[in-house]
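Since the structure of chain S is already known, use the hints to place chain V on it.
These protein sequences, in sequence, are chains S and V. Counting in this note's numbering, the first sequence runs from 76 upward without gaps. Counting in this note's numbering, the second sequence runs from 10 upward without gaps.
Note that these hints are calculated values from the structure, not bench results. Take the hints with a grain of salt, since some may be wrong.
Cross-link-like lysine-lysine pairs, in silico, PhoX-like; alpha carbons within 25 Å at most [as the list claims (entries may be wrong)]:
1) V/K87 / S/K129
2) V/K139 / V/K12
3) V/K54 / S/K129
4) S/K129 / S/K117
5) V/K38 / S/K156
6) V/K54 / V/K84
7) V/K99 / V/K139
8) V/K54 / V/K99
9) V/K38 / S/K117
10) V/K84 / S/K129
11) S/K159 / V/K38
12) V/K85 / S/K129
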Amino acid sequence: MVVDNRYRNSAIATTAPTPMSRGSRATALHELAFAGSGGWDKIIDDVLAISEYKDDWDGEGSLAPDPQVVVAAIKFAISSKNEKSPSPDRVIAGVNQSISFEWFDGASYTEFELSRTGEQFIRTFNAPNLQFCDVQ
Amino acid sequence: MAKKRETDPIADDELLLRRVWIDKFRTAKVPYISPSAFEPRITGKFPDTDGISLYRLDCLTQIEDALRTIQDEAKKRKTGLVGLELIEIKVLIEMKLTVRISPNEEILGHVVVPELNCTDYEKDRERFKKTLFALAVKASSPQRIFRDPNDETI
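Next up, chain S with everything else stripped away, as it sits in the complex:
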């Protein structure tokens, strides 16, 4: 398990970010982002790229990620980097204005999702434990 429940109660979860314009947000995020190095740098770059997504970013009508979700995602990435937590293998924008970090550890998969409703979710799945039913 790479992510633990401490993130649920972190400053990210309890401090509502101040709404910013898209341009000023990107600038502020850049200032925050380039404070160190490691696998998180690529992830932070990807979050910054996601922060620039506009409505219909995927050509299928999806809305841009929620601005507060973007800020929470970058804060999470920076604090995790500073804590030298293992970096995720991928960060993605969801079709519902969320941002998710994903870790893969052999047969297990962990997802940390920041949703547009302000909720945060951590999920872990073990691929070998997946069950399938018989269909006639």
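Leaving out everything else, chain V in the frame of chain S:
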């Protein structure tokens, strides 16, 4: 020439294509495809009211036909296609998934998975997550990736 008409019944071994944004391909790990590739769209211009969309490969003249409704060429280039057999969708134990033919005017072979609809997903998202993960694992097989937008040759 398409192999099937869109009104033909769907065979269990028939491949159904899902459109997947480039970010959801980017990793060398497993599952290669992010589970979020199968997440029902709640917000935005086209919420998945009737279930997430898939396209029957056998109803298409060429695979790129499944991308026809993406108008922006740059976004189209960043969209991949993965395939699942009908039987692989039906055997998932957590949710009894089905596939329904749902013709639209723009792309032949449009089908939906009614159980993966935006209303039910919004009510209880956690119930869906294991199923989305299982779909992603299936779709991550190299034989099921029909168009990887990270492939610069496309």
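Inset, instruction - Check each numbered hint against the structure and report the violated ones by number, ascending. - result: 2 and 8
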